[in-house]
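Let chain A serve as the given structure and place chain B on it in line with the hints.
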Amino acid sequence: DSGVTQTPKHLITATGQRVTLRCSPRSGDLSVYWYQQSLDQGLQFLIQYYNGEERAKGNILERFSAQQFPDLHSELNLSSLELGDSALYFCASSGGTAPYEQYFGPGTRLTVT
Amino acid sequence: GEDVEQSLFLSVREGDSSVINCTYTDSSSTYLYWYKQEPGAGLQLLTYIFSNMDMKQDQRLTVLLNKKDKHLSLRIADTQTGDSAIYFCASTAVNQAGTALIFGKGTTLSVSS
Numbered sequence: 001d002s003g004v005t006q007t008p009k010h011l012i013t014a015t016g017q018r019v020t021l022r023c024s025p026r027s028g029d030l031s032v033y034w035y036q037q038s039l040d041q042g043l044q045f046l047i048q049y050y051n052g053e054e055r056a057k058g059n060i061l062e063r064f065s066a067q068q069f070p071d072l073h074s075e076l077n078l079s080s081l082e083l084g085d086s087a088l089y090f091c092a093s094s095g096g097t098a099p100y101e102q103y104f105g106p107g108t109r110l111t112v113t
Numbered sequence: 114g115e116d117v118e119q120s121l122f123l124s125v126r127e128g129d130s131s132v133i134n135c136t137y138t139d140s141s142s143t144y145l146y147w148y149k150q151e152p153g154a155g156l157q158l159l160t161y162i163f164s165n166m167d168m169k170q171d172q173r174l175t176v177l178l179n180k181k182d183k184h185l186s187l188r189i190a191d192t193q194t195g196d197s198a199i200y201f202c203a204s205t206a207v208n209q210a211g212t213a214l215i216f217g218k219g220t221t222l223s224v225s226s
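Residue numbers (my numbering), protein chains in the order written: chain A, 1 to 113; chain B, 114 to 226.
Any given hint could be a false lead.
Derived DSSO-like pairs: lysine-lysine, alpha-carbon spacing no greater than 30 Å straight-line [stated by the list, open to error]:
#1 K180(B) <-> K9(A)
#2 K57(A) <-> K183(B)
#3 K9(A) <-> K218(B)
Bear in mind the hints are in silico, worked out from the structure with no lab data behind them.
So here's chain A without its partners, still in its complex pose (with noise of 0.2 Å):
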């Protein structure tokens, strides 16, 4: 277990939905990162905020946008999908004594129909 938690674990929509993703960090990290794995992608990353504050940003769509709150925990939100959206999202977390390992948390299966 990483301590990464996301919540749901599996989330089935239809195309041009919006839906919520989220993800409370391990215990005291205050950066967390968003990617989407993909059969045909890959494993890129989305976006990444550090205490609150967008802090970096790599292949995330205008459709998807994310937030931290004062509490650590984030959201990725995602909308007008389409199906090629279907993926899995992970969720990771750093920072601490160690800011440069980072731990995923188990995921969300998204299933857009």
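Coordinates of chain B only, in the frame set by chain A:
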């Protein structure tokens, strides 16, 4: 941008050593990582190495880094069936801690008894 490449498959017999190879393009990558992903699970941080090191050993795992050739390898001694998984090589996107990871496509290790 940064790119990380790995061979896709490796098949070994139980008790043999496994060597998984990875090449990266950005010579300024400070930290290089190996993650393990079992079916239906998240990514487990196995080990990492700083770019100023050549080798790191951790129980059955040995990481070798050749900075000149930008080549990283993970050796698993006495490979067990429980080691069957996908192994991802990753590097930091920029030359500092606490930043996003760039992943290879993963090497599927199959261990037969």
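query: What hint numbers does the structure not satisfy?
result: 1
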